[in-house]
Amino acid sequence: MITNVLDYLYNTALVKPDKKAFIMGEDEYTFKEFKNSVQRIGASLADKGYSKEPVIIYMDKHPRELIAFFGTVAAGCFYVPIDSEMPSARIDLILESSESRVIISDKENLQKAQELTNFKGEVLLFDDLDANELTANDLDNLNTIKRNSIDTDPIYIVFTSGTTGVPKGITACHRSVIDYAESFSEELGLGEESIFANQAPLYFDAYIKDVYPTIMFGATTYMVPKQLFMFPVKLVEFLNDHKVNTLCWAVSALTIISAFKTFNTIKPEYVKKIAFVGEVFPTKQFKIWQAALPECEFTNLYGPTETTGVCCYYHVDKIIEDGDIIPIGRPFKNTGIILLKDDNTEASLNEEGEICVRGTCVTLGYFNNPSKTSENFISNPLNKNYNEIIYRTGDLARKGEDGNLIFVSRKDFQIKHMGQRIELGEIEANVDLVDGIDSCCCVYNQEKDKIVLFYVGSIEVKELSALLRTKLQPYMLPNSYKKLDSMPLTPNGKKDRNRLKTMW
Amino acid sequence: MDAIKDTLLNMLSDLHPDVDFESETNLIDNKILDSFDIVSLIADINDELDVAITADKIVPENFNSLEALTKLVFELSDED
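From first to last, the protein sequence lines are chains B and Z. Be aware that the first sequence starts at 1, since it is given in this note's numbering, and climbs by one per residue. Be aware that the second sequence starts at 1001, since it is given in this note's numbering, and climbs by one per residue.
Certain hints may be false.
Cβ-Cβ distance ranges computed for the label pairs, FRET-style [as the list claims (entries may be wrong)]:
1. Z:D1078 x B:D317: 41 to 47 angstroms
2. Z:D1078 x B:K333: 54 to 60 angstroms
3. Z:A1043 x B:A89: 27 to 33 angstroms
4. Z:D1050 x B:I23: 54 to 60 angstroms
5. B:G323 x Z:E1067: 41 to 47 angstroms
6. Z:E1048 x B:S439: 27 to 33 angstroms
Here chain B is said to cover these stretches of chain Z; the calculated rule only asks that three of the stretch's residues, wherever they fall, bring their Cβ under 8 angstroms from a Cβ of chain B [claimed, not checked]:
7. 1023 to 1035
8. 1048 to 1057
None of these hints come from the bench; they were simulated from the model. Glycine included, every Cβ here is placed at the ideal spot set by N, Cα and C.
From just these sequences and the hints, can you work out the full model?
As structure tokens, this is what we get:
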């Protein structure tokens, strides 16, 4: 029985030691090299006394960062990846919330990590940890750590946007990730012949879809340099050069290719499976993909990070026409979905309800945040007999006659923008902190996929925009700024969002 | 061509009000424009200037400066 994600890696490194596992640019790692490096990192961390605690990974995207992830797990700890381009104010919040004592960094980010003034712990350089020769004693030690771990121990924390401006640390255990990797791979038909092009950043959970099947089956993952996503022809050339056959990508990354009529110049020649995630695929763009790659299997994925990546899938089994909606489909094997109405009863056919998720994929909750956890991870109101925790997603859906779920909308002001989940409230909370801001309101222009910030205050747009760049993640930055003389209000004194929507 | 340049400058300034686009000549290499910006720009150019930038023209050289982008849009609008 697999109870630790390292079982996948260690087994594959035995069976296919010399196969290429992860490649980025000139840097290649075989499974054996990858595993040895993972063990060196694990042994070094354990040797320094870290155990069963969060380890911040502050590195650029590279196979080394994955080695740091698994090395952390080998030491019996859990990894907390942060975006190396994240402003330091946000990093401080994550450090505070995770209470981590240690950061692993690379040469590129070492100085930034050392300059985090609020961090009192130790900053370790990846290369130093990786330099130690493994001894028999080290291997014994790692075996003992692994033998003593159980599958409900945490493996990672992913921080996402929170309404109050404080990021929430979603904590997942081995068992959830194993369940996800197994059911996802089975449904998509992944295997050792899969060749992935990894698009997803490593500081969320979307990378699980290519990275974990790679170590499970001994497949191969090419990590796509971020800059290529600006230049669609070069991007497709990259896929063809490496004979990539499987894409698990955000919709926004796929539409970059289709929106620019790239297929008139070049087509992906080897891609046989495309799984897309993050937001609704615009029909117009999807049709372009379907026409360009008629033999390719397309799968729509849906799911929040709180349920370990994705929980529903829909294999697109027909030609999509204008006006069609691609369903989010059905839950993966070993996952249950219930649609709850506001009165906590189950929605009937074609009736809207909140998507609630049951099963092993439901994560452990928010790190160091019991109150937020108990708000969203609740006891199933339909089950009066024993304690069954379900996750309320805040997404509305309805079930059609064919049994497929159709996504309707978000319940609150959480939006999907550029494939990322964003609380408009978090942007507002940060803007409100700026000197010279009297009042602000963020409105999402769904039609144009733009975040518009309205504000009242003495600060100029230029100054505000430069300042926010140091506080917010790039994808959370408003796309447009409107300075107002006064904030429109509703009769009962709330900011009038509907009125603002007529003002952009 | 000046009209095109002004329109493009407005679009760019809307995306990054804090950048001096008249003097910056390494917008891509200095990571000032990211992929979101490029997508947004190309959509706006299509909407406002009625110029479709095709994939083969979306290369770093054409987006590194206001000058280069103006030249590209001017040439493409001339073809119509």
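Against the earlier hints, flag every one the structure doesn't satisfy and list their numbers going up.
4
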